[in-house]
Amino acid sequence: MTDTDIATTKTQLDVEHIKQDFPLLSKGFHGESIAYLDSAASSQRPTCVIDAMSGYYNYSHANVHRGVYKLAEEADRLYENARITTGKFVGAPDPAREIVFTKNATEAINLIAYSWGMHRLSEGDVVVVTEIEHHANLVPWIMLHKERGIELRVIPMRDDYLLDLDNLEEIVDGAKLVACTLMSNVLGTIPPFKKIADAAHSAGAIVVADGAQLVPHAHVDVKELDCDFLAFSGHKMLGPTGIGVLWGKAELLDSIPPFIGGGGMILDVKFEGIVPAEIPTRFEAGTPPIAEAVGLTAAIEYLDNIGMNNIFHHDAELTAYTIDSLKNTFGRDITIMGPDTTENRGGVISLALKDIHPHDLAQVLDESNVCIRAGHHCAKPLMRRLGTSATARASFYLYNDTSDADRLIEALSKAASIFG
Amino acid sequence: MTDTDIATTKTQLDVEHIKQDFPLLSKGFHGESIAYLDSAASSQRPTCVIDAMSGYYNYSHANVHRGVYKLAEEADRLYENARITTGKFVGAPDPAREIVFTKNATEAINLIAYSWGMHRLSEGDVVVVTEIEHHANLVPWIMLHKERGIELRVIPMRDDYLLDLDNLEEIVDGAKLVACTLMSNVLGTIPPFKKIADAAHSAGAIVVADGAQLVPHAHVDVKELDCDFLAFSGHKMLGPTGIGVLWGKAELLDSIPPFIGGGGMILDVKFEGIVPAEIPTRFEAGTPPIAEAVGLTAAIEYLDNIGMNNIFHHDAELTAYTIDSLKNTFGRDITIMGPDTTENRGGVISLALKDIHPHDLAQVLDESNVCIRAGHHCAKPLMRRLGTSATARASFYLYNDTSDADRLIEALSKAASIFG
Amino acid sequence: MSSSGLEDLYREIILDHYRNPRNRGSMEVPPSQRVEAYNPLCGDEVIVYLLEKNGVLEDVRIEGQGCSISQSSASLMSAAVKGKTIEETRQIISDFKKLMSIHESKLEDGTDDAQMDIDMDAMGELAALQGVVRFPVRIKCAILAWNALAQGLDEISGSSPDEPRQVEK
Amino acid sequence: MSSSGLEDLYREIILDHYRNPRNRGSMEVPPSQRVEAYNPLCGDEVIVYLLEKNGVLEDVRIEGQGCSISQSSASLMSAAVKGKTIEETRQIISDFKKLMSIHESKLEDGTDDAQMDIDMDAMGELAALQGVVRFPVRIKCAILAWNALAQGLDEISGSSPDEPRQVEK
Ligand SMILES: Cc1ncc(COP(=O)(O)O)c(C=O)c1O
Ligand SMILES: Cc1ncc(COP(=O)(O)O)c(C=O)c1O
Ligand code: FES
Ligand code: FES
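Chains as they are written, first to last, in numbering that gives the first Met the number 0: chain A, 0 to 419; chain B, 0 to 419; chain C, 0 to 168; chain D, 0 to 168.
Be careful, since some hints might not be right.
[Said to hold, decoys possible] Restraint ranges, calculated between C-beta atoms of paired labels, are given here:
#1 Ala-95(B) <-> Asp-50(A): 48 to 56 Å
#2 Glu-154(D) <-> Asp-253(B): 45 to 53 Å
#3 Gly-24(C) <-> Asp-225(A): 35 to 43 Å
#4 Gly-157(C) <-> Glu-342(A): 56 to 64 Å
#5 Gly-123(D) <-> Lys-353(A): 51 to 59 Å
#6 Ser-25(D) <-> Ala-95(B): 52 to 60 Å
#7 Asp-225(A) <-> Gly-386(B): 49 to 57 Å
#8 Ser-156(D) <-> Thr-328(A): 48 to 56 Å
For the record, the hints were derived by calculation from the structure and aren't laboratory data.
Quick caveat: nothing in here was measured; it's all calculated off a predicted structure.
Backbone N, C-alpha and C define an ideal beta-carbon position, used for all residues, glycine too.
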């Protein structure tokens, strides 16, 4: 998103009202009200998303691709419509051709690593990642390091939890691919992606954006980011599990071979060889996540209706409020691992309270029905950089408000007293 | 399944009653009653499956893997329980370790081709397939042919639509892997899998069973089949889209590297290399299809409740009835591409009526709300063998009865008169 | 349109052209031009032969096999363009594609900007194919031969093709 | 069990052993045996030192870091087995694992065949860890040090290990 976008919209979310759309949040878990602060792992979903999928399963399901009967045509139409909706949501210039549905963001990045990487990279070629990446945007490249002998370079993190771009040009020099998250799932850090993309492009590299965390929370436009590939997941943005998205520039997608092979992705099959289909079909072997695409469409419509800029602003305000309260309440006992501003960060707060182990913290918080995540958050290299093996992490979304933050702080106080 | 199993159970299905569980079938498509004869492409699903998923999304969803709070524990428990249920359904000796959830059957087979094939096969190694395979069980091996230079051998089909096993031992001689469908999605043919597996094992090959068609329709037991890998899909067995299953022998799974890389499948990540996790986690990178696993559990419970042997028997009876009626009605004008018995075949009927093009047939049938599929059914090499580019295919499941078959025949008569 | 989509699709004219295809056969190459169009979705194929002289399509022949829609559309096409100038033929192709895209454009945008100015009367028998737009999967069938024709014209004019050679998605 | 699972988990004995771990430290190797247990799920680690003489564990020391459950369990373990014979120690390990497996077995089979014969009195302070079974993800924490101990005994006996070295799934 651009700064002007954020500045121009400040419509307050009606969280009270929004919570009503989420049964777990309005009716509780086994009847007990919960503060769900783990949306960075997976969001909840509104009734309209669930209803869209149920309705699809009940009255519109058939397999897609070329069914002649009306029911199959309907399923086809809904599935292709999901592609268009998803593409437009991230500003894809050619949504019908540039959106590939995968099972999650992880598969989307693996698709790039296999289809592009395995065929375009050879020994000694350079791939650049950052120190704050999620394993989804690391392991595929590390596997290429092993399989193809590529060299992996790392953009380091500074002590203020922002990326250290002082040597950016040096690092990307000669690189073939630069992969960077749009937002850290541990720190909340939002790197200056456009700047990195510019440097990468100048160096002749293509650029992969891991949008798993930012796409659900902000207005993201692939043209403004100037990325070549963008990956994200349905389940973190009010959509179903079982669906992820890869956006890729049409020319780029068109230039690479398939990844997974099977039905639907070929024009012809002989025992001697295959003729792959056009994009995006080439990358969608087998029966795709049809109901999931229908659910994702409903989720995007719900998000669009509320407004991505409003959601981003809401997260930022709630994060600022929470960080303030945490500092006021716990003073020097609390450490927040993430940028101190709200400008370069999203609504993810990793924290340490005294020397209480994150798992103990999360356990005590659960007793107060405050749901946070403890662990390495699939970011082992970052944990090493932070000098720890785990953090406790609270994360916000459009259905959270200050009452959730207050419950977090109250429950943390309880933990402090138990382990005090 | 074994012959004795089939012989011992003959409980008639109460289709009238079963249809009530499927809104599309009891209430119709836009209010019009339909004869859904395309379950080989994808089945419908009963209300209990949809409710299980909605219930999960509403009140039990969190990301799995190590969440400390109760909600995440619940999601974890449901997901691992799905693994056990699915494993037991196909007789897995060690369900907790041997079941890998994928996005569909196609990905399951690709997992074998990438993780096992790319690392175990080199130039000149032999992989055997059959002439009646679906692209899902062909393309991954043909891609290995291209990438690794392996040799592909083919078990041919006889003119009676059964496999020609006369030269079986010769064909599998020296092979490293034999991949065979448990049931053809075009012909209905059920090959003598155990016989092929025995020959393959004697030759020192491992054996892959494509169960996408048979697992939904019969009692399948991996021990009785004596296969090393088995792949199938949720959406063809009353379950959701977005989930597939790979069963593999524990020792075998344990001996191969990961396929897709990301969160959840590693023990440790350094920029220099990764330490993969134990099985089955090693093969499940990223957020898995959690709600889909919950839906699949409900589907399996529904199927188990009705009884797989009863379903198989039901399909067989309905198929026999339909083939008889087709022959009586259309005489020499109809060609049925599939075995003439009901012993070696399931409830899939590919047919040609006069020289009416399959797409025209399907189109005319749709006007009577009879849903069949026209096309190559992702089996191009088989189409070549059959000397055609497409067939019209009707397929049955537990919610079909003779009234659906009768509607099929009536609609075919109409087509015959239009194009007569 | 009539309430029964099917009767709209399989109009008498279409069935007639399917049963008795016009201009069936081949021509010597050269002087004629031979162009194939393959529908990867179903494996069907139409082959078009064009004999151009002084800017006029003196003869058109059709070979190949496929469904009633693709075969009748090819036959109708051959009758419509035989004897026409290259210019006129391009106009007919353009009008026909407009006719077929009404539904597709609706599909993608949700908008109904399909009030296109097609002179339906001028289309003659070709108008019989209008019912196809209600059956999105079959549009590809109807367009098959026309893609071959368009490509053939490009080859005749020696220009680089301005139409994709395969059926659009 | 008490209605509050949390109080059941963080019993006073456990918090005491967490805050004031017993037998903390290392020993020279040899004569002592050093065994590590690593919990890949959280990155925590327990290191156990065993000094055996004439079939008796004369001394036990614990190093490493982790959550309150893993650290207190290690401390409780060291107190429970120090001075015990190898045989007695094996019995204690076996009883403790039974205690921890009650929930896991329920989880997998849905059956409640967990009426295992564990002499809870004989377990002494170790019984305080019983509350852990209500928190499946934390069982791995409680078992961590015990896996190291079991491995150490195997190494002392020179037998091949009969326990997996890493935390079971
Ligand atoms: C025999 C066979 N194998 C594999 C598949 C692929 O299944 P899926 O599309 O769910 O991956 C199918 C589905 O059409 C099939 O019929
Ligand atoms: C930054 C980031 N990238 C990628 C992923 C992977 O997403 P998924 O598990 O849906 O594949 C996540 C999810 O945790 C993430 O936070
Ligand atoms: S179905 Fe092949 S051209 Fe119509
Ligand atoms: S959380 Fe690591 S051992 Fe308990």
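Review point. Does the hinted range 45 to 53 Å hold for Glu-154(D) and Asp-253(B) at CB?
Key: Given about 24 Å between the Cβ atoms, the range is violated.
Check your understanding: Using the C-beta atoms of Ser-25(D) and Ala-95(B), is the stated range 52 to 60 Å upheld?
Key -> violated (37 Å)
Practice item. Check the following: the C-beta atoms of Gly-123(D) and Lys-353(A) are separated by a distance inside 51 to 59 Å. Key: Violated: the Cβ-Cβ distance is about 30 Å, outside 51 to 59 Å.
Check your understanding: Is 56 to 64 Å a correct range for the gap between the Cβ atoms of Gly-157(C) and Glu-342(A)?
Key -> holds (59 Å)
Check your understanding: Given a hinted range of 49 to 57 Å, is it respected by the beta-carbon distance of Asp-225(A) and Gly-386(B)?
Key -> holds (52 Å)
Check your understanding: Cβ-Cβ distance between Ala-95(B) and Asp-50(A): within 48 to 56 Å?
Key -> Since the Cβ atoms of Ala-95(B) and Asp-50(A) sit about 34 Å apart, the hinted range of 48 to 56 Å is violated.
Review point. Lying within 48 to 56 Å: is that true of the beta-carbon distance Ser-156(D) to Thr-328(A)?
Key: Taking Cβ atoms as reference, Ser-156(D) and Thr-328(A) lie about 53 Å apart, which means the hint holds.
Point to revise | Outcome of range test on Cβ distance (Gly-24(C), Asp-225(A); 35 to 43 Å) | key: violated (55 Å)
Of the numbered hints given earlier, the model fails hints 1, 2, 3, 5, 6; all others are met.
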